[in-house]
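**Student:** Chain order of the listed sequences is P and E.
Those letters in the first sequence? Residues 427 to 1030, by my numbering.
Those letters in the second sequence? Residues 559 to 848, by my numbering.
Among the hints, erroneous ones may be present.
Below, computed lysine to aspartate or glutamate pairings styled on EDC-like, alpha-carbon distance capped at 20 Å [claimed, not checked]:
hint	chain 1	residue 1	chain 2	residue 2
1	E	Lys676	E	Asp622
2	E	Lys661	P	Asp602
3	E	Lys676	P	Glu587
4	P	Lys549	E	Asp659
5	P	Lys551	E	Glu657
6	E	Lys608	P	Glu587
7	P	Lys502	E	Asp659
8	E	Lys608	P	Asp809
It should be emphasised that the hints constitute simulated quantities derived from the structure, not laboratory data.
As the structure is a prediction and not an experimental result, all values here were calculated from the model.
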Amino acid sequence: MKILTHWKVLILVLMVLASAAAVGLKSGPKAGVEVAFVSESSPAKNLINQGMIITEVNGNPVNTINDWFSATANLKGDATIIANGDEFQIKVNDTLGLDVLDVQNLNLDFGLDLRGGTRVILKPKTNISADVVENIKQTLQTRANLYGLKEIKFKTISDLEKNNYIQVEASGIGSDIVTNLLATTGKFEAKVSKPAYFPNNNSAVFQLGQKQHTVEQSGDTLQIEGKQLKPGDNFELDSIKFQYLNRTADTALFLANVYEGKDIELIYSDPQRSGIQQAGQNVWRFYFGVLVSAQGAEKFAKVTSGIPSIPDASGEAYLQDSEIFIYLDDKLVTSLRIGSELGGKAYTDPQISGSRETRKEAIEEKLYLQTILRSGSIQTGLDIVSIDIISPTLGSGFVRSSAYVGLLAGFAVFLVIIARYRKPKFALPMFFVTLSEIIIVLGVAAINDSRIWIGILVVNLLIILAALLKKQEMDIFSVLGALTIPLLGAGLSWTIDLPAIAGIIAAIGTGIDHQIIILDETLTGHARRIYGLKDKIKTAFFIIFGAAGTMVAAMLPLIFLVAEFVKGFAITTIIGVWIGISVTRPAYARIIESLSKEKGLVSN
Amino acid sequence: MDAPIPAKRSFYNYKLFVLISIAVLLVSVGILVNSYLSTGDFLKRGLELKGGTVISLNLPQPVDVNSVQASLAPKFPDITVREIRGLSGYELSVESPAEADYKQILSELQSLGISTEKQSVRTVGAALGASFFQQVQLGLIVSFILMGIVVFILFRTFAPSIAVIAAAVTDIIETMAVMNVLGINLSLPTFAALLMLIGYSVDTDLLLTSRVLKSGSELPIPERIKGAVKTGLTMTGTTSVALAVLMISNLSPVLSEIASVLLIGLLLDTINTWIQNVAIIRRYAEKKGL
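Please construct the entire structure, taking both the sequences and the accompanying hints into account.
**Tutor:** The structure is reproduced here in structure tokens:
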């Protein structure tokens, strides 16, 4: 096995071992399904949480996602679920409300195509800059986290015409949840209605903080500070924008713009400042504290000053004819009554409360309001321009199937090689070298592998130094490869999905071609008696580098395209080709050289 | 003085083959132009490139495709229903233009008694699809240009570079024509396959060209070409065999699509490299007295 002492072969072997370790050494659970999302209405809510691993349902073991589907089909009534080793009793009335993901037993990030889930591409309704799109993306991320959607990834992408899109990928999560979350984005505004009462005489008092304005009336038309107003008119008073809504015999109603998105500074959700309480037979109350800006508080105080309060059925006192209306995208989302203690006061930390008939609705409403307020103001609405819903059943077993297909294809190739060269001695290394290419590409793509790769980088350096000392021949590409590939491995990891698999196929396809070229250059032709082995290998590598160069050139434009498919495909192909020409094929050339020298097929 | 006679014989053979390969090219161009004139597209566009909705349902048993289509057609114009049998079981595929609401289609299928539990849905808006298509066209052109530049850098002379580029262009045009005839869509995966084809095609052309031009004057040209043909056919043979396995095993529709386009392209490449390109290189080498 003297061949192993050549540095190129040694480096190949080491990188294969490192890659296998990077991919295979996974800490943590390897079987079962991971909870990706617990819906609000799930009976398992607060019992089984996101991230827990479920391994059994009603005594049936759950190792893969197919097991989960068969165990939970038509599941009703009492169910015993084992998650993270603990037993949970869940009563299923309607649906279980759990979205799950297959647990991976390899250190690879399998993409949506293989794990299942939802992918959505959003386009802003109006033309906005990349910065604003970035803000929107972060807001969506925040809201997704709030909803408990942690397995959701957001990315901004832009196409050749500088259109900006936001891509949302949610592994294992159903499409309704994603589209509902995304459908509610937009311009946030909170307006407060303010009444003006006309007692028996003709004018009313419109109080804004300390200032009092007189409102004259004649029919529907009102007059304030010299402005003539008909119902529907907008006006400004003391730096606050109002709209005159309508009037009855003795009341005129106005709507004031009090808060914008930027006025909402913080939403509290800790137990001290937020919660749910039962307040009656069919009355569930929710509340949470809010921190607002000083300007917002001032406006609120001014607008709500001078408004009388009345008690409601439960005895709580609220401001009369005055409510907070919350608008998103100029559409009314909800309205809240204002507690009388808040009237006329500039509280920067008011509390928002409301009630619903059931606990579930109260919780949903509270979360909904918190999310809307917390997300701040997003200047523009988003259109959904593409939806991908992928069933998770494709993925489970895909890895195994592709391994079988790969072996079958490899065997078929082997037969062709044998038919041509009739010497398995040369075909076998081809098989192993091709396998190495696949393993190394996967190793570079693996996640959580930086320590392994940094270690290999150091070892590679040592090997190169040793080779220099031993005066083995050097070439710049192989040295570059030995150093850059561990760096790529440590720093990069990307999703293995169908485009990546296509890229791997492209790279190893050219790999086999190049190995054949090397083989032929070494073994055949009259020329071998005239030219030394080194020159022939050089000719082979001229072809190989040329071909690799054109392949990379052909792939480069794809990296700049929007379509995820071509981008992932291009990156995997380029990295695969680089690994090929800098590590695996030079090593193969060296192996063939020494094998053919052994056989005396080549002089010198 | 024996050498000229064999050369004349093989020259005749080559003339015939070159004519055939040019004929194939002209027929392909004709197919594509005809398609463009009648439909506005060289190839039928897949979902991602023109917008639309595709719903795939993995079902335990086959269903009557025609009756499903008949039930859906009144409510959803231009809807097509197909079935696919593969490694992953029996699949029902329902396609519709972009305006259709996939949720409505799903509930309609449910009311027909079809299980929608194992579903996959893809919908792409028409505007986004058009944008992708634009990028695909641009990407193809830019890839070609870059590939051409690299080839020129490698050879630094006009004729061999043109030969390599011409073979690649011919491959792509002829493959697209066959795709047109077989009804294979231009989609993002098949677009990727066409680019891969550029890479593979250049592999074989580079092999031929460098063997003929750089091997020195020891071997007569026909010998050099024969050697290159042997190597090249082995290369194409191994790749074709592997792709055939991939295609037949039907691992996933995307991979099968890529495999079939590549397979078609490689077989056409065999004609183009070893006939068209050979003819050009022979003439060039003979002229230069190599």
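**Student:** Each hint should be assessed against the structure and marked as holding or not.
**Tutor:** Structure-based check of each hint:
no., hint, verdict
1, E:Lys676 / E:Asp622, "holds, 18 Å"
2, E:Lys661 / P:Asp602, "holds, 10 Å"
3, E:Lys676 / P:Glu587, "violated, 37 Å"
4, P:Lys549 / E:Asp659, "holds, 18 Å"
5, P:Lys551 / E:Glu657, "holds, 18 Å"
6, E:Lys608 / P:Glu587, "holds, 17 Å"
7, P:Lys502 / E:Asp659, "violated, 31 Å"
8, E:Lys608 / P:Asp809, "holds, 17 Å"
Hint violations for this structure: numbers 3 and 7, all remaining hints satisfied.
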